[in-house]
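Below are the chains, spelled out letter by letter.
4 protein chains.
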Amino acid sequence: MCRFLAYRGDPIFLEELVAAPCHSLIHQSLHAVEAKTETNGDGFGIGWYGERPEPGLYRELRPAWSDENLRSICAQVRSHLFFAHVRAATGTATSRANCHPFAQGRFLFMHNGQVGGYAGIRRRIEAMIPDALYATRAGTTDSEAIFLAALANGLADEPVAAMACTLGAVKRHMQETGTDEPLRFTAALTDGEHLWAFRWACDAKPPTLYFRETRDALVVVSEPIDGKRDGWQEVPKGCTLVARRGRGLSLECLNEAMARAA
Amino acid sequence: MCRFLAYRGDPIFLEELVAAPCHSLIHQSLHAVEAKTETNGDGFGIGWYGERPEPGLYRELRPAWSDENLRSICAQVRSHLFFAHVRAATGTATSRANCHPFAQGRFLFMHNGQVGGYAGIRRRIEAMIPDALYATRAGTTDSEAIFLAALANGLADEPVAAMACTLGAVKRHMQETGTDEPLRFTAALTDGEHLWAFRWACDAKPPTLYFRETRDALVVVSEPIDGKRDGWQEVPKGCTLVARRGRGLSLECLNEAMARAA
Amino acid sequence: MCRFLAYRGDPIFLEELVAAPCHSLIHQSLHAVEAKTETNGDGFGIGWYGERPEPGLYRELRPAWSDENLRSICAQVRSHLFFAHVRAATGTATSRANCHPFAQGRFLFMHNGQVGGYAGIRRRIEAMIPDALYATRAGTTDSEAIFLAALANGLADEPVAAMACTLGAVKRHMQETGTDEPLRFTAALTDGEHLWAFRWACDAKPPTLYFRETRDALVVVSEPIDGKRDGWQEVPKGCTLVARRGRGLSLECLNEAMARAA
Amino acid sequence: MCRFLAYRGDPIFLEELVAAPCHSLIHQSLHAVEAKTETNGDGFGIGWYGERPEPGLYRELRPAWSDENLRSICAQVRSHLFFAHVRAATGTATSRANCHPFAQGRFLFMHNGQVGGYAGIRRRIEAMIPDALYATRAGTTDSEAIFLAALANGLADEPVAAMACTLGAVKRHMQETGTDEPLRFTAALTDGEHLWAFRWACDAKPPTLYFRETRDALVVVSEPIDGKRDGWQEVPKGCTLVARRGRGLSLECLNEAMARAA
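Protein sequences appear in the order of chains A, B, C and D. So the number in my numbering is just where the residue sits in the first sequence, counting from 1, plus 9. So the number in my numbering is just where the residue sits in the second sequence, counting from 1, plus 9. So the number in my numbering is just where the residue sits in the third sequence, counting from 1, plus 9. So the number in my numbering is just where the residue sits in the fourth sequence, counting from 1, plus 9.
One should not assume that every hint holds.
Below are the PhoX-like pairs computed for lysine-lysine, each with C-alpha atoms no more than 25 Å apart in a straight line [stated by the list, open to error]: (1) K180(C) with K246(C); (2) K45(A) with K180(A); (3) K237(A) with K45(A); (4) K214(D) with K237(D); (5) K45(C) with K246(D); (6) K45(B) with K45(A).
Everything labelled a hint here was simulated from the structure, so no lab data went into it.
The task is simple: from the sequences and hints, build the whole structure.
Encoded structure:
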């Protein structure tokens, strides 16, 4: 289990959310409250959009709490859209390539969850990735594989449908191999403009996901970064929070999308 | 605050204590129980004696819990005398050179504690290190500086007196700069043959220290590695456990040694 | 292109070959002579056999020349059979999981060479790895994939035939995708007892490989560790040097083995 | 010996100098031409000024040539003033804290050179650093120590005089300890506005230093980043290139400044 945050709004320094608040993401790397694991010390990553269509990426295998570079970069970089993630590994190695967020072209993706019995179905999930994208597969995580498979399933055009289709396929692979462990998927996706935040699990126990909308900004988090509940709304289980630029927020049902995709 | 263990006895694979027990040192890197900090993820180190008078050393800035090399080395190396340490930094950077144990010639040293107001008296403590040893000062911790200063004060000949003398001097430096923070010192030292384990604090709150003696071995730990209290004895506050090869264990009073040194 | 060495014989400290000679493997990490790249600074690894059937492994992504741990471990560990490798990456990331040697059960494997057009046929090579082994695929290199595929092709029973079969299959995948780049394969394999050293390329330009046999030991190297040619014999192109315990050295022709496998 | 570059001018993406040119600084990390060492693989660093008075800093102990984060950050960050440095260690460890540039408040400093017999006079140089600054001493290099000592000697007000005074003192310490090795000092300093580039050695063999001035920008380098000599001017031996904002470039004689300081 991991912790993450996504921000879209008026440009701010990353440190305002990543480092400064009492329950900032860096704080959560050592003291998460709502996670299965309190410590998220198996690497971290930030991804942000600046002047280019593709995001910048800084990922490192040290714990976030002791990384001087992270603090310095977050104090310098100002962005209207950024992701940050601290990792608690669930079976795969601690390496930069296994750290979130993952980038592909204009897209950023990060995940908190698990694919039950992943070691046994890893190749089946990877087989969903087309050759051209497979060459960019740099790590070994389920998260990166799902992202690449979803891109092949149309993530750029219909994110919710593409993700539903991908999760449905992963679930079928899990059923075929007979695992008892669940598929749980709380994730965030952006193309540098719009933002999607997913919360779904096959056993109705998806990891927590909150958002806070103000006049200036939307913040999506695993758990509130101010340590309070006021002002934060839960993304309902089974839903995707859709934040298209210039439009109001909306919720889409992932189960329905999965039924359509099946 | 950190966690450590020291072993002397019949040669065993390091993994028997470092990796295997339910509350092994690797487990404590993520879930310490008796420490001020539950997580000890700011690097780690092992030092061991094999066929040579000088110990081997493997120190790394990643957390112990995710280091594949640590597990592999501990599964291969068998030793009659070894130290292992997982670090929770108290103000100095996460780097290999700041990881314990520290080695000098035949000696190994590791520490759990704090020097109150260290940043302000660091140079005074370093001034206690003679030039020849100062060239080997590789990190910035109080622990390494105290070790090098104690070597200059006769650690090789009279370890308890040398350490008492050094701690007394550090305490005076602290008093002169008027810090309110305490000096706490729980540590282990060996020359590859004999073993000393110190537990002292100026405020009578030294970090915990336990030992277990069997027919085959002596184990000294910050907290029991089996998660139980049976079979473990506390090193009394203010005392040094002295384990000279071929002799029974004894306890020496550090305060008396400090009075003699003063 | 990389540099490596393999040793089998009377137990010696690893440092005698890895660190001490004027042209030691650590020296070659910075100043290789017979390689396409003079610098081999993209990580390194050592694997050695001690008291257990499985080898120990220390792999790290820093350059070998500046790694204090490597020097200390090589000064302590004495072994009758060990591998050491310094890496110059050819397209895949610098990470521990991409460092050689690779271990599987009792086996150690390391490689110097290239699979032309690897990015395009990576999945085809990975498809040769059975599910059970695929779960242990930790990195993204061609070398690791070939090793795992060869294990599936009978490496434990008939190493030369299994490797010939695997290389033949890789070559066919390369032909199908129409790459102009060559397949070059200089490698070493051991099960902790016997040793095989391969030197083959589809374009008759396999990387260099030498061996030196004395009464006490066999040493196999990419280039001589003493910087001299005396006493070193070249493994002929297209050949495998076979060093079964208790028997004399022999050379087997890989092309014949490939013809038989086809 | 190391390689570095400094830029001041119209804001550009760091990659335009650090990553893109045929002989970029990243290229020089593997293939320097005018240095004593071709490989500069002992860590690297970039420092840049954005919206804040203090610079951002990204330093890492991996070689620059294989660091994905460096490429991504350099592709995103646009700055009017930045430093970049690739390190070839001369006796001190490879760690982040030993990587250049060093930052203090608004200042950035980086160095290429050597202090002969440094191990023996390290403490004397450190003694030139006042207590308040000494608490920020994070590494063990001569370069960082000289920077901190120069700050104490008035670097903020009279950079050339302060550096001359500091180098003079270092030279005296060297003479007192009787080293035969030289003091060589090629370095760059900025406060986020003005830029100073020093080239001096006690034996008239200071490391190379070039600059190129165009209408839009000033670039200072250890060796030309385009692999050509056209358009580059050498900073004369014994001189400091002074580039105050809004004024023309000037050269100041360091020897004269040292004579005045003595």
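We went through each hint and held it up to the structure:
1. Pair hint K180(C) plus K246(C) holds up; C-alpha atoms about 17 Å apart against a cutoff of 25 Å.
2. Proposed proximity of K45(A) and K180(A) is supported: the alpha carbons are some 22 Å apart, at most 25 Å.
3. A distance of roughly 19 Å separates the Cα atoms of K237(A) and K45(A); the hinted pair therefore holds under the 25 Å criterion.
4. For the proposed pair K214(D) and K237(D), the alpha carbon gap of about 22 Å is at most 25 Å, so the pair holds.
5. For the hint pairing K45(C) with K246(D), the CA-to-CA distance comes to about 37 Å; that exceeds 25 Å, so the pair is violated.
6. The suggested pairing of K45(B) with K45(A) holds, with an alpha-carbon distance near 21 Å, which does not exceed 25 Å.
Comparing the model with each earlier hint shows a violation of hint 5 alone; every other hint is respected.
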